[in-house]
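*Asks:* All chains, full assembly: derive it from the sequences and hints.
According to the working numbering, the sequence shown is numbered sequentially starting from 24.
Please keep in mind that the hints were generated in silico from the structure rather than gathered at the bench. From a predicted model like this one, the values you see are computed outputs, not experimental measurements. Just so it is clear, CB atoms sit at the ideal spot from N, CA and C, and this is done for glycine as well. Heads up, some of the hints might be wrong.
Claimed, not checked - If you anchor each label on the Cβ, the simulated ranges turn out as follows:
#	residue 1	residue 2	range
1	67	93	28 to 38 Å
2	52	135	27 to 37 Å
3	135	114	13 to 23 Å
4	48	88	13 to 23 Å
5	37	68	10 to 20 Å
6	105	52	33 to 43 Å
7	66	25	34 to 44 Å
8	72	52	18 to 28 Å
9	108	88	16 to 26 Å
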Amino acid sequence: GAVQDALRTAVEALPEHRGGLVQFQDSTNAGTTIGGVLVLAGGDRAGVEQSLRTVLETVSRTYREQPGVRRAFVRIEAHPEGDAALRVLAADVVEPASGANVTTDDLEAQLGG
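*Replies:* Here is the structure:
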């Protein structure tokens with residue numbers, strides 16, 4: 024759909040992006056989720072966290088620009104090239120306001136954009 028296309032285009036344009044796709048799911052039962060496993064620039068955990076922060080800022084800004092969107096859970100994780108075992112989760116970069124799941128509200132509150 025249009026929202027997923029917009030998110031993918033924005034994220035894939037970032038110099039930090041090395042691979043992987045952003046997935047957007049909007050279902051009445053499961054709620055709205057922005058997810059994906061991304062390969063991002065960074066030689067170590069700190070580097071990947073920095074790249075993921077940039078991705079999340081971009082996701083936040085791009086999502087907010089879409090018409091008629093509602094709060095979404097953000098389940099994006101990232102790892103560097105060649106090391107899938109080093110996983111950095113959205114919750115490692117942005118602290119969830121409530122519960123274990125980061126939402127687009129958390130991104131907006133903590134990353135601005």
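*Asks:* Against the structure shown, which of the earlier numbered hints fail to hold, in ascending order?
*Replies:* 8 and 9
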